[in-house]
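Visitor: In order, the protein sequence lines correspond to chains Y and G. Under the working numbering, the first residue of the first sequence is numbered 1, with each subsequent residue one higher. Under the working numbering, the first residue of the second sequence is numbered 1, with each subsequent residue one higher.
If you're looking for bench data, these hints aren't it; they were derived computationally from the structure. Please read these numbers as outputs of a predicted model, since none were measured by experiment. A hint or two may mislead.
Pairs count within a copy or across copies, as identical chains cannot be separated in the list.
Said to hold, decoys possible - In silico DSBU-like cross-links for lysine-lysine, where the CA-CA straight-line distance does not exceed 35 angstroms:
| # | residue 1 | residue 2 |
| --- | --- | --- |
| 1 | 296 | 245 |
| 2 | 44 | 315 |
| 3 | 44 | 245 |
| 4 | 44 | 75 |
| 5 | 296 | 315 |
| 6 | 75 | 315 |
| 7 | 296 | 44 |
| 8 | 75 | 245 |
Protein chains: 2
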Amino acid sequence: MAVFTEVSDEALVAFIAQYDIGEILSAKGIAEGVENSNYLLRTKEDSFILTLYENRVDPTDLPFFLTLKEHLAAKGIGCPVPIRARDGEVLHELSNRPAAIFTFLPGMWPRRIQPYHCGELGQALARMHLAGNNFILRRANNLSVQSWRPLLNRSADRADEVQQGLAENLEMELAVLELNWPDTLPSGVIHADLFPDNVFFRGPELTGLIDFYFACNDMFAYDIAICMNAWCFERDGSFNVTKAKSLLIAYRMVRVLSDDELAALPVLARGAAVRFMLTRLYDWLYTPAGALVVKKDPLEFWAQLRFHQRVTGPKDYGLA
Amino acid sequence: MAVFTEVSDEALVAFIAQYDIGEILSAKGIAEGVENSNYLLRTKEDSFILTLYENRVDPTDLPFFLTLKEHLAAKGIGCPVPIRARDGEVLHELSNRPAAIFTFLPGMWPRRIQPYHCGELGQALARMHLAGNNFILRRANNLSVQSWRPLLNRSADRADEVQQGLAENLEMELAVLELNWPDTLPSGVIHADLFPDNVFFRGPELTGLIDFYFACNDMFAYDIAICMNAWCFERDGSFNVTKAKSLLIAYRMVRVLSDDELAALPVLARGAAVRFMLTRLYDWLYTPAGALVVKKDPLEFWAQLRFHQRVTGPKDYGLA
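Take the sequences, apply the hints, and build the full model.
Guide: Here is the structure:
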């Protein structure tokens with residue numbers, strides 16, 4: 001939950017006046033998101049989201065993120081679309097931060113995942129992968145396999161505070177991943193952070209995807225692996241094969257999954273578990289106690305890693 | 001900033017179905033308020049506020065707060081009005097907490113106070129005081145003078161962590177206040193917490209008041225004193241007499257202030273400073289480090305107390 005930057009009413013009114021979105025009626029800080037400050041705006045015309053980009057987002061990445069959302073929306077993918085101000089630009093400054101206004105995406109993220117959610121997700125993910133095909137900007141995945149060892153090194157000397165032997169176990173896993181990480185699989189724009197709180201539903205139907213601030217160019221199957229971890233494990237750490245099957249089958253109805261991609265899923269899913277474990281581990285150890293952010297348990301991904309280490313083939317993910 | 005209770009989407013949909021407010025499109029946790037959990041709801045029909053009452057609110061007080069808002073709104077005071085469900089009730093249970101849905105009050109609270117804000121406030125405060133006249137429920141002010149000594153005792157042994165000599169200085173001030181606290185001034189329903197973040201404006205006009213969860217029966221002039229402290233001091237602790245004058249003159253245009261009330265303002269304002277200093281002091285010392293609440297500096301009220309101790313008459317508040 002996060003509103004890192006307080007915005008004065010005068011500054012906000014002046015900011016909004018740059019846009020043709022009507023007179024502002026209210027602005028409420030939203031208690032979601034950990035990277036940026038978000039406000040829900042109501043104007044006489046409609047509702048909008050105002051985002052102020054905090055330090056964790058590299059400003060040089062903003063054109064990629066903003067243009068990507070425009071591109072995907074134009075291809076029919078539900079997502080917040082940046083509004084252009086009268087000067088034609090989407091980025092302006094507010095309270096000394098880059099800021100943008102987005103269309104409001106209706107829907108709620110699912111707190112209790114059902115298999116039908118995973119089916120909707122699989123379909124939307126595949127559609128997004130196809131829609132990104134001819135997107136011209138590029139952004140490297142700076143949180144992929146090559147970043148994990150430096151990330152572990154930053155936390156290693158305190159990792160055992162979280163779990164005895166954690167650093168050593170992660171070292172061993174990293175050695176396997178570095179050796180076996182695929183590099184010839186189909187790639188394109190991936191979301192790279194499609195956890196349930198970034199996917200909105202209205203009743204049983206998916207309305208759209210939000211929070212593209214980790215989007216980058218990488219293997220499509222890695223995006224699927226991230227989703228499997230985020231959507232198909234129960235709270236007790238057990239894998240729900242029905243959910244995985246729903247996700248994968250729905251995905252394949254939209255985009256063909258090659259045999260190579262299927263065969264790589266276990267190692268990609270192990271990598272996905274490690275990637276989130278490492279960033280959470282660092283945040284867990286180094287987020288100041290007073291920060292207005294909920295620290296998330298890095299060990300949530302431990303059971304996922306263990307599961308994927310034992311997978312022997314696509315049938316373990318529900319595929320015949 | 002506060003969303004203490006996470007609500008599942010299924011529970012929310014079932015909750016909303018008790019009301020005639022249309023299908024729910026979205027629910028966003030609001031990063032404001034420190035007592036309750038608040039969500040901004042959008043339905044097909046309109047926007048609403050959903051409030052879940054957390055432990056700090058005594059459930060037996062809820063009928064007073066909720067009925068008061070209905071009463072005031074019926075008298076033309078802008079404030080959130082509880083929506084009755086189909087069963088005719090305003091309170092229902094959600095995630096094991098009492099919960100209610102309110103109309104959405106447009107407007108934003110002023111981050112930088114100008115004298116015209118204080119004028120609008122004075123008028124609205126007086127109108128609220130008159131509108132509460134024939135309200136039938138009663139609620140004692142459990143944070144008035146008789147509560148301050150017990151409150152100080154709970155923090156006294158650690159108060160010097162905040163400022164050397166703080167406990168002793170507060171002891172001396174309490175002795176003065178207990179001796180001189182008025183008890184024959186005009187009384188009725190007061191808001192008792194009308195800080196700027198509880199008063200909404202649209203441009204220069206006040207649209208309404210929110211957060212009545214300290215409202216009670218007490219002296220009207222005490223409510224004025226709370227507002228003077230909350231609205232008429234600058235960040236450096238200096239008193240802005242122009243703002244106070246705007247507040248008091250606007251108030252008097254709506255409701256007559258007796259000479260006794262005017263004469264009591266300094267002691268009431270000293271008491272108001274002490275009351276907020278004491279609750280903040282306690283929260284400062286005893287709020288757990290991980291709590292998702294911004295701790296507010298108790299010493300913000302120290303300069304206010306010092307100022308009012310030296311006031312010699314209404315002219316120091318800008319009145320001739």
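Visitor: Reference check for the pair residue 296 and residue 245, CA-CA at most 35 angstroms: within, between, both, or neither?
Guide: Within one copy only: 27 angstroms inside a chain, 50 angstroms across chains, cut-off 35 angstroms.
Visitor: Could you figure out if residue 44 and residue 75 sit no more than 35 angstroms apart (CA to CA) within one copy, between two copies, both or neither?
Guide: both (28 angstroms within a copy, 26 angstroms between copies)
Visitor: Regarding residue 75 and residue 245, is the shortest C-alpha distance of 35 angstroms or less found within a copy, between copies, in both, or in neither?
Guide: within (27 angstroms within a copy, 59 angstroms between copies)
Visitor: Under a CA distance limit of 35 angstroms, which applies to residue 44 and residue 245: within one copy, between copies, both, or neither?
Guide: between (45 angstroms within a copy, 34 angstroms between copies)
Visitor: Is the C-alpha distance from residue 75 to residue 315 at most 35 angstroms within one copy, between copies, in both cases, or in neither?
Guide: within (33 angstroms within a copy, 67 angstroms between copies)
Visitor: Tell me, please, which holds for residue 296 and residue 44 at an alpha-carbon limit of 35 angstroms: within, between, both or neither?
Guide: between (38 angstroms within a copy, 34 angstroms between copies)
Visitor: Is it within a copy, between copies, both, or neither that the alpha carbon of residue 44 lies no farther than 35 angstroms from that of residue 315?
Guide: Close neither inside one copy (53 angstroms) nor across copies (43 angstroms); limit 35 angstroms.
Visitor: For residue 296 and residue 315, with the copy left unspecified, which applies at a CA distance of at most 35 angstroms: within, between, both, or neither?
Guide: within (31 angstroms within a copy, 56 angstroms between copies)
The earlier numbered hint that this structure contradicts is number 2, and it is the only one.
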